[in-house]
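Work out the full structure, taking the sequences as your base and the hints as a guide.
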Amino acid sequence: MDCDKCQELIVDLAAGELAGDDERAVAAHAAQCAACRKTLEETRALFAGARAEFALAAPPRIIAAARRRAGASGTSPRVPLWAAAAAVFIAALLAGSSGYFAGKNEEGRRAVYAAVVADSSPGFWKVKAPRPGKVGAAKEEGRSKFWDYRARYDEIKRGT
Amino acid sequence: MREWVEGLYDSYKDGIYSFIAGMTGDRHAAEDLTQEAFARAMAAAKGFEARALPKTWLFAIARNLALSHIASRRRRRNEEPGALDGFAADDASPSGMIEAKETSKALVLAVQGLTAAHREVFLMKTIDGMTYREIAETIGCPVGTAQSRFHYAVKELRRALSRQGVE
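For the record, the sequence lines run as chains A and B.
If you count the first sequence from 1, you need to add 441 to reach our numbering.
If you count the second sequence from 1, you need to add 17 to reach our numbering.
Distance condition first, Cα-Cα at most 25 Å in a straight line; then the derived SDA-like pairs of lysine to any residue:
#, chain 1, residue 1, chain 2, residue 2
1, B, Lys122, A, Leu497
2, B, Lys72, B, Arg44
3, A, Lys479, A, Ala489
4, B, Lys172, B, Gly146
5, B, Lys122, B, Gly182
6, B, Lys72, A, Leu497
7, B, Lys122, B, Arg180
8, A, Lys479, B, Tyr169
9, B, Lys172, A, Leu450
10, B, Lys72, B, Ala133
11, B, Lys72, A, Pro501
12, A, Lys446, B, Arg150
13, B, Lys72, A, Ala496
14, B, Lys72, B, Gly24
15, B, Lys172, A, Asp453
16, B, Lys72, A, Arg510
17, B, Lys72, B, Ile87
So these bits of chain B aren't anywhere near chain A, every CB distance computed over 12 Å:
#, residue
18, Pro71
19, Ala77
20, Leu84
21, Ser89
22, Arg90
23, Thr132
24, Gly157
25, Cys158
26, Thr162
27, Arg180
A short list of chain A residues far from chain B (calculated; beta carbon distances all over 12 Å):
#, residue
28, Met442
29, Cys444
30, Asp445
31, Glu464
32, Arg465
33, Ala466
34, Ala469
35, Gln473
36, Ala475
37, Ala527
38, Asp595
39, Arg599
Don't read these hints as lab results, they were simulated from the structure.
Predicted model, so just to flag it, every value in this text is computed and none were measured.
Glycine included, every Cβ here is placed at the ideal spot set by N, Cα and C.
Here is the structure:
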């Protein structure tokens with residue numbers, strides 16, 4: 442091994458990254474070459490100096506503080522504010538609508554449902570679904586049926 | 018999961034704290050950021066992927082925090098890009114800075130004078146004894162890049178120490 446190749450590998454040797462033949466070859470060259478040996482010693486001294494300066498012991502209070510922080514921030518994934526707001530809104534909507542149907546209007550709703558099922562008029566099942574381009578007409582046709590049953594709902598509710 | 022992270026804490030607390038202190042040049046900030054790193058690890062432990070080593074996972078969290086701290090400090094001080102990559106500005110203030118005698122101070126200043134990209138690799142290698150592979154996994158780069166950055170950092174340190182008359 443020549444000096445150029447040795448100088449390339451000295452850093453890796455001092456850093457513990459060389460093994461096998463490479464390690465032996467660099468060590469053997471450095472043992473007989475004063476310049477490479479000096480570089481190797483300086484490199485090792487540099488690493489030892491860095492460890493002496495920068496390797497610190499962590500203050501023991503860190504883990505307790507980390508526990509507090511983790512507890513404060515919670516361990517579940519964070520939910521965006523907009524998603525939380527949407528969830529609250531939807532929950533309120535569902536609660537309101539279920540209360541509407543499950544409460545005072547439940548009897549009327551069931552009566553209208555029974556009336557709709559019992560409807561045998563030939564036109565009832567021919568209410569067109571809204572289609573692109575004919576939304577107005579379909580809507581009008583569907584609307585009339587809706588108001589028919591709404592009127593019957595009111596009649597049932599009034600007991601007439 | 019929290020117990021698992023606390024087990025990691027026992028193994029890596031000194032390494033993480035030293036790494037952050039070396040990166041930021043500020044022991045008080047390092048203490049705070051180390052707390053934050055382990056708090057985040059506790060919170061994110063369920064999402065830990067077994068493909069990564071716990072050590073590199075922890076160091077990646079610590080590295081992100083340290084780099085964010087350096088960037089925010091740079092913005093606060095309105096410093097020129099690159100100026101804060103070294104610790105020279107902090108060295109003048111006594112708050113938490115690494116104290117050093119003249120010779121070792123030269124080494125500290127030389128390390129602090131490296132760019133963050135080279136300093137982090139140098140610290141991971143020399144203080145924490147990480148392999149090139151572990152460093153590459155931590156910072157998300159090829160192994161060859163980690164190795165070349167380390168070589169460059171060593172070369173720059175030798176040059177800086179030589180300029181200051183320290184061999």
